[in-house]
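Chemist: Note that the protein sequences, when read in sequence, are chains W and Y.
In this text, residue positions in the first sequence follow this note's numbering: the first is 372, and each later residue adds one.
In this text, residue positions in the second sequence follow this note's numbering: the first is 2, and each later residue adds one.
Keep in mind the hints are simulated off the structure, nothing from the lab.
Even glycine gets a Cβ: it sits at the ideal position worked out from N, Cα and C.
Just so you know, not all the hints are guaranteed correct.
[Said to hold, decoys possible] Covered stretches of chain Y, going by a simulated chain W footprint (3 or more residues, C-beta under 8 Å):
no.	segment
1	28-38
2	71-81
3	161-169
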Amino acid sequence: MSMPNENYEELMSAEIDGELSEEEKILLDKHLISNPEAQSVRTQMTKLTEALDQVKEIEPPADLGRSIMAALPPVPQPGASAVRPRFRAARLSILKYAYAFAAGIILGLILHQAVTKRTTTVDLNDLYGSMAPRVVGGAWQPADGMSFTSDSLTGSVQLAQLGSTVVLEFDFDSIGTVEISVRYDPQLVQFAGYNQRTAGNLSLTGRNGSLSLRCEDNQQHFLLVLSSPQKIPTTFNVEFLVGGKIVDARTLRTR
Amino acid sequence: MNDREDAALVSESLRGNRGAFESLVNDYQKPVYNMAYRLLNNCEDARDVTQNVFLKAFRNLESFDPKYKFFSWICRIALNESINLRNSRGVLGEVDERVADGRPLPDDLLRCAELSREIQSALMSMELDQRAVIVLRHFHHCSYQDIGQVLDIPEKTVKSRLFTTRNHLREVLHRRGVL
């Protein structure tokens, strides 16, 4: 009896969960004996399960239980509003002050930089408004770039630098979700922040020397800001994936 | 966390015993917080979701059917709250500051933290309903039946979704050199 590979992979998945019947187990074992590729998939599946088992639980904030209990109404009240207004209002009020405080700090930094004319750190003015012409012209030095045109993805990435600050500017249109991977040497480069120029759905996760982005809208324009304190030439490996397949991969270099 | 004890705590809570509900909060805040974190990838959002989940649970305790597990019921509220929050946001995702600033961590901690981050990053590359099956199965050790109840899908769909999601996860992690 023969089945498509996908069906055998489904059996491997069920095997992980201990959901295989005796018949299915025999079928899977037979397939594995004669198929090295399937053996490799099974090894990866086993490793995946082991890796997932190693993911540690995260401790919730110590005061979470207390704040939940403090926000409860006196007795269960079916049908009442899901969020207690007073509780929400208190949080919003705190957030309002926090945002005002943060805005004050940013404004202070901008003024400080304007007065001291430091050019080696990020000028926050350059991270807002229309970035494209300023990166290429202005104080930012264009270092490298890539453009791409395919059925699913059209656009460009520009790499520019100013002192120890490096900016990767992404501007593209796509059909469907795009995943982007940016890799660099963490000894030379550190991630400093990102800035979205269009209100698209963008998620960003990062680790040492690697950033992963997922863009769920057709148009994306955003900047990744990185710091390269040693100011020596370095490389960025940029990879675009659509539907899980690599559609473009390049290496961009600073000067 | 025993189903019968949970049902008794729910009954006590409905009679006005806040201590009983506090026991449920103490037992389930960690799994709910972890589920929300794995789905949303943001600590502050996970906290907000957890708070709202218990508020909703408290207000709707009468609708809890003791023939189901309290954990499945509360997970379903957590999933819905996470979806609502996700839909209300344009941008998701956060970078672990400790790693983003380039400071080294001890080797074993770094390996474990990096593996968790790789998995979290790969999870974030999937749709939220796909993420949910992995989170429920591997991090909360739910049965197919429990996952079906939380996601409101037949067990057969749980099985096929687990397969599709694992396969995607395997490919992503293999491509990144983690597997």
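Chemist: Take the hints in turn and mark each one as holding or not.
Modeler: Hints, one by one, checked against the model:
Given as covered by chain W, the segment 28-38 of chain Y passes the check, having 5 residues with a CB less than 8 Å from a CB of that chain where 3 are the minimum. Taking a C-beta to C-beta cut-off of 8 Å, the segment 71-81 of chain Y contributes 0 residues in contact with chain W, too few for the three needed, and the coverage statement is violated. Three residues within the 8 Å Cβ limit are the bar, and the segment 161-169 of chain Y against chain W gives 6, so the coverage statement holds.
Violation of the numbered hints given earlier is confined to hint 2; every other hint is satisfied by the structure.
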